[in-house]
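Chains as they are written, first to last, in this note's numbering: chain E, 1 to 118; chain S, 1001 to 1211; chain D, 2001 to 2715.
Each hint can be trusted.
Now the stretches of chain S that chain D is said to cover, found in silico as 3 or more residues with beta-carbon under 8 Å:
#: 1; segment: 1031-1042
#: 2; segment: 1046-1054
#: 3; segment: 1058-1070
#: 4; segment: 1126-1140
Hint data in this document are derived by calculation from the structure and do not stem from the laboratory.
All figures in this text were calculated on a predicted structure; none of them were measured in a lab.
Beta carbons are placed, not taken as given, at the ideal position from N, Cα and C, and that holds for glycine.
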Amino acid sequence: MSHGHDDPTLHPEVQMSTSRGYFSGFAISSILMFVATFLVASHAVPPFGLLMVIAVCAGIAIIAQIYFLLHIDVSEHNIWNTVALVLFMPLFLITIGLTWWMFSQLYLRTMIMPGMMH
Amino acid sequence: MSSHGSNVDPKTAELWDKSHYQHDVISTRTFGYFMYLLSDGMLFATLFAAYGVLSYQHSYSGGPTPADFVKPWYTFAQTMALFVSVLSYGLAMNALKHKNKSGVINGLLAAFVLGVLFLALDIHDMTHLASSGITVATSGGMSAFIILTQVHAAHVFFGLIWILVMMAQVLAKGFTTDVVGRLLTLRMFWHLQAIIWVFVFVFVYLWGYMS
Amino acid sequence: MLVDLAGGWNPMLGRLAWSQIPYDNPILAPLFVAVVIGAVLVLGLITYYGKWTYLWKEWLTTVDHKKLGVMYILIGLVMLFRGFIDGLMIRTQQAWAVGPHSSGVFGATHGYLTPFHFGQVYSAHGVIMILLAATPLLVGFMNIIVPIQIGARDMAYPYLNALGLWFTAAAGALIMISLFVGDFAHNGWFGYAPIFELQYSPGVGVDYWIWTMELLALGTTLGGINILATIIKMRAPGMTWGRLPIFVWASLASNVIALTSFPALQVALALVAADRYLGAHFFTAGLGGNLMLYTNLFWIWGHPEVYFVILPAFGMMSEIFPTFSEKPLFGYMTMVLASMAIAGVSWLVWLHHFFTMGAGPYVNSAFSVATMLVGIPTGVKVFNWAFTMYRGRLTFNAAMLWAIGALFLLLVGGLTGMMLAVPAINYMVHNSVFVVAHFHSMLLTIVYAIFASVIYWFPKVFGFKLNEFWAKTMFWLFSAGTALVFVPMYMLGFMGMTRRLDYVFNTAWHPYLLVMEFGIVVYTLSVLAFFALLYVSVRDHASNQVGADAWGTSRSLEWLTHSPVPFYNFAVLPHVNARDEVAWRRDNGIDHVQPDHYEDIHMPNNTGVAIVLGGLTFVLGFALVWRIWWLCAFSLLAIIALVIYRSFKGDPGYIITAAELEQMEKAAMRREARIGKQQHRVGSGVLGEAIAYARSDLPSLASQPGSTGGLDHRS
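So here's chain E without its partners, still in its complex pose (with noise of 0.2 Å):
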């Protein structure tokens, strides 16, 4: 039960670092987030449209990242970070969803604009 007592270099969450895992994770969301930028910045794409395109790029490198950098995985070592980060995650989407949600409804019946959605 007492990997690396004697030399924590030795623990397996030190272990399990590769550079080359670094480099790529490094390099997926680089990529992704000039994508993004260059997308914006020239209006390349149709707003609604590019919305979607950056929004999956956005995600794409936030899996990189916590694939990569965070070493989310469902080894031994991991599970517990990894199953803590799954229970999280619908708690996000229902902080941000509902919120947003329930003030679009109230925008609707409450706020005279039309349209307003950005």
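Chain E is fixed; fit chains S and D onto it per the hints.
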């Protein structure tokens, strides 16, 4: 005694621990810290919820909107500073794996310098806004924009202090269990800043610029 | 950047001035004198008996989870008393200031409290009862019981645990000092936009409210992380998820809620602070702010919070009913699932606090349905407790009475909650005292469970039982008070009386208000009975001593170790073989098998850093309230410096050697053997039917420690 949910034979059962059970100090620390980071993520989620409600046209009360002042490529430079800083920290962790002290120190130092660059770009941006009369007091929409981005910047600021402390600890104490545990928790903290930044960059800066 | 203030401000003292001390207030000034005399008396007594070193070494710098838990509970009880006094003041004002002909004193037109003062009283009552009474009491119990129930020596992070306690204490001190320096918020415990904006509340009251709650949120988040990590990482060998006591499961569910929801409170209040300090426009009525956004953000936390406080109470009841029914808990698995379901659904219901916002039928029906869903797991729990008692061998001692009281109140509160979940009904009774009566029923469920637990776990922590007679007297007085205050309140709610009235215009309500006033007097008697309970129990503690298994019918792991629990909890960590380990060992006659040899134990050192950090956060909070910027900067820098210092210093801990351990264990076992004999001699006549040692149907505790009991067992 099925009512106890046990089918262990009491005559032969082991009653006291003989395995010299000792919990793993480092993973207990990193797991607890990861939970703290998730609650920090909830803090940002709530700020994003507030930003969503306060980024309608009427939230800017006729005043300036992010579309008027966001410069995508400037913020992209900030993004790269933070990403390279995070990459340097990752390489420092790789050096830790090989017990390479100078590698760890160099990686931390690079992460620190790039973090300072990120923060300097952010502060420059904010003072520029303030000089053109845009502050939190301008409108509800601007309050949400500035507070959300500056809460992230504050996280980076405290991360920088922490990086300095860890450089000193690595030099003074070497790779003890405490120091290695802290390097691992700081790794999670620093990487989380990059993850949050992706959201801030795409959904606050870029989206704000678009609309 | 910082907003301009209307009143006076100077760089040295901020907004602080002599005029902020309410020395001319006829209620606060005498109270202040009494508090000063009391404090001088207490400090003098400590000095006289030379207890400062003891206090510092054993309590103020401790990282022992049991002592921290006891201090949490002490803070909770003191604040419960303060909150009760606030309740007494509210009831008296409402019984007095009825109709245009009611008299007025102390500057009030009607009654004895001015509207502004009355507003502060009910705001403080709410904040204190929920965040400074219920929360510390429950966190205290989780702190004490969870590590022992899972067979751990301490929490995962003992130092963090101390930090959480001292943040809570700092917040308590901040809210108490608001009585005598400045004023408190008058916007209700959850606050309303835009009344808490600087424009409408220019005083410091709202600032006290903000920073008190922020500190509490911080402390509770840290505590939540600690308990979660303890449960997940520190379980004894053999303590599988299917064998965890229900109280531990409930604590797990509850702290998942704390961890996930408290950040929302921190953000909501920080944004109020941004409005008040930086001139932002989050919740202002103009310039693009949104009033309802505050209400939304607050209740994103607020509703999960009420489940955060009720779930540990459910856990306590799940421990007490089986013990005094002499049966295992009915439906263990459904109980676990129900706790988790409540935690999950708690995140989908917050809009029911503001159905009347007008977000429309889709939003309201979605949240209404989600709210009603809570009734399912709660109903499962109620039936499980009922089936646990069904055909059990019930012992109606004080702990059991309080737990049954909690069950009845849960029914009343739960069913009225189901009524409120229907938006059509909610529109009728919104903001009426019907709502107030509903959530008091729910929170009193918690109070009942807490008093049940105080009686139930007191002998585990202190080694002697509380007096049965006074505990029962207190129970009946408290229950009479509950009925007399809250039944009329439900009725007044239906009659249309709104909450927070400093003047009641309708004289037809007067009889009900007088009955409620009588009820609060009965409550006061129950508080006196509580003091009598403590006094009599401590006076007779020599004859109330108990051994490891204080009730004789206990089931979970905390009853395996000695009472009072030694600071290292278990000399040798137990290997868990069954769900109700102690009941399993007792039923198999192996409950007296002791470990045959000991090994060195590694323990954390005490530290003064935590209490100093707590003190500094108090200073920071005070400086922020009064806008003393240099003091803010100083205390913040001191906090950072101290954290870095502690990080460099670390804690190597210390070792209890096997020989020392054996000595302490032998002493504890001698004590237990002595008590076992004593119990037989005294018999059950004096201490009531709850004493199980003299019962023939249970194994005797008088057998020699270390002997193998009924079975031939070699450990």
